[in-house]
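What follows is the residue order along each chain.
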Amino acid sequence: MVATEEDLAAPPAERPARTWPWLVLGVLIVLVLGSVARFLEDTIPAAAKGTSLEKFAAAVEYPIYAIVLGLIGNVIVYFTGLRERIADAVFTEFFIKTGLVLLGASINLSLIVKAAGPAILQAVLLISSVFLITWYLGGLLGLDEKLRALLSAAVSICGVSAAIAAAGAVRAKREQLAYAASLVIIFALPSIFLLPWLADLLGLSPAVAGAWIGGNIDTTAAVTAAGAIAGEQTLQIATIVKATQNALIGIVAVALTAYFAFKVEKDADAQRPGLRQLWDRFPKFVLGFIAASAIGTWYVGSVSAAEGKAHIAVINDLRTWFLILAFVSIGLQLRVSALREAGWRPVAVFGGATLANLAIGLGLASILFAGFTV
Amino acid sequence: MSDLTPPQTATDTNAVARVVRAALNEDWLATAVGLLLVALVLTGVIPTGLVP
Chain A
13 MVATEEDLAA PPAERPARTW PWLVLGVLIV LVLGSVARFL EDTIPAAAKG
63 TSLEKFAAAV EYPIYAIVLG LIGNVIVYFT GLRERIADAV FTEFFIKTGL
113 VLLGASINLS LIVKAAGPAI LQAVLLISSV FLITWYLGGL LGLDEKLRAL
163 LSAAVSICGV SAAIAAAGAV RAKREQLAYA ASLVIIFALP SIFLLPWLAD
213 LLGLSPAVAG AWIGGNIDTT AAVTAAGAIA GEQTLQIATI VKATQNALIG
263 IVAVALTAYF AFKVEKDADA QRPGLRQLWD RFPKFVLGFI AASAIGTWYV
313 GSVSAAEGKA HIAVINDLRT WFLILAFVSI GLQLRVSALR EAGWRPVAVF
363 GGATLANLAI GLGLASILFA GFTV
Chain B
960 MSDLTPPQTA TDTNAVARVV RAALNEDWLA TAVGLLLVAL VLTGVIPTGL
1010 VP
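Protein chains in written order, with the working numbering: chain A, 13 to 386; chain B, 960 to 1011.
Because the hints were derived from the structure by calculation, they are not lab data. Be aware that one or more of the hints could be misleading.
To be verified - Stretch by stretch, here's where chain B covers chain A in the computed footprint (C-beta under 8 Å, at least three residues):
#1 113–126
#2 175–182
#3 305–316
#4 329–341
Claimed, not checked - Example chain B residues on the side facing chain A (calculated, C-beta under 8 Å, incomplete):
#5 Ala976
#6 Trp987
#7 Ala989
#8 Val992
#9 Leu996
#10 Val1004
#11 Pro1011
Note that the Cβ used here is the ideal one computed from N, Cα and C, for glycine as well.
So here's chain A without its partners, still in its complex pose (with noise of 0.2 Å):
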């Protein structure tokens, strides 16, 4: 059974038991959430039309539905009870890596080759300006060194995967990876859907766009979801350029567990860590993503047009489906009682080292994705 957040965040003694059937009804509850926002993505623009909402409705992507689907269930689950007995049923992350290897399908291997020399150098300096930052205001106001850690992780690389393999590497407190991974799904939420609007009013081009929301948004649900927002080309450089921050978390791991300790725990007998923890900490999907990519450009490539945009449609409805399971999921693994726990210090640190993630995100886009066409 997969371990969740709620692990982290309540002792045993206090969680309620956790059995097959719960899991069942948890499972249920996601896809019966995930068809509603595909019938809904499927009627209500159809429904709209001739109407004075027919832009709006068109406007809204099946995103959208989810995530407010998902939130609506949220309230629902935590007024009846049921919420921490069906936590285990929300593979938030499952679902959302799922659907980035069927994405890779539909992207031509060309495009990930093309857009991996900018989306390295925009990853290598974006990471390392903002765990920087990050860890500096995270010692300004005082934070312990292991949520520093965390905290810096977290916005710097790709929020709840980042803030897990830091937790791992510098042993952290549960509270603690309790509080970086609620803060990154509080601040990803109004992201999803403030940086496709900013794009647009900024005038930025489908592939600036992808880089800087794939650059910025901490969490790789919400990338997707802001991209499928923004449109298909956008979604797929801020996919290649998530993927890229994704596979460096390994690095970061293996340094900050060398950083801890060495350096803050002092432990002589500490082993120095090798090759195998950066292997172990290497996030696999990505190799599904490109080997996705490798199948579907092969197969596009040696049948006809015809068949190949038909098989590969049918790819792209199991990839919606995969992400409307997760951003269902996203909505209702929402919690902020660990915000009112943590107080406002990590809150503040969150924000500026977002803000600045933001400027500086734009910044690198703009210049190396420039003139860079999908």
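Let chain A serve as the given structure and place chain B on it in line with the hints.
Frame of chain A, contents of chain B only:
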């Protein structure tokens, strides 16, 4: 910041280790499921029109 730094316990370590392990397993599972679905569609096992 004492409210953020309670003493670390074995439960803390176990809980964090469990979440780290789960994240690593999810990576492989997502890769396997994603690639399997791609293969099933491209080989025609999942036909066009089946996915709503």
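Do the hints match the structure? See the list:
1. For the segment 113–126 of chain A, the stated coverage by chain B is satisfied: 4 residues place a CB nearer than 8 Å to a CB of that chain, which reaches the threshold of 3.
2. A stretch counts as covered by a chain when three or more of its residues have a beta carbon under 8 Å from one of that chain; for the segment 175–182 of chain A and chain B the count is 4, and the coverage holds.
3. Under the rule that three or more residues need a Cβ within less than 8 Å of chain B, the assignment of the segment 305–316 of chain A holds, with 3 such residues.
4. Counting residues of the segment 329–341 of chain A whose beta carbon lies closer than 8 Å to any beta carbon of chain B gives 3, which meets the minimum of three for the stated coverage.
5. Taken as an interface hint, Ala976 (chain B) checks out: its beta carbon lies about 7 Å from the nearest beta carbon of chain A, inside 8 Å.
6. For Trp987 (chain B), the interface hint holds, since its Cβ comes within 8 Å of a Cβ in chain A; the closest pair sits about 5 Å apart.
7. Evaluation of the Ala989 (chain B) hint against chain A yields a held restraint, the C-beta minimum of about 3 Å falling below 8 Å.
8. Hint status for Val992 (chain B) relative to chain A: holds, with the closest Cβ pair at about 5 Å, below 8 Å.
9. The restraint placing Leu996 (chain B) at the interface with chain A holds, with a minimum CB-CB distance near 6 Å, inside the 8 Å limit.
10. This hint is violated: Val1004 (chain B) has a C-beta 11 Å from the nearest C-beta of chain A, more than the 8 Å allowed.
11. For the restraint placing Pro1011 (chain B) at the interface with chain A, the shortest Cβ-Cβ distance is roughly 7 Å, inside the 8 Å limit, so the hint holds.
The structure is inconsistent with hint 10 alone, although it conforms to all the rest.
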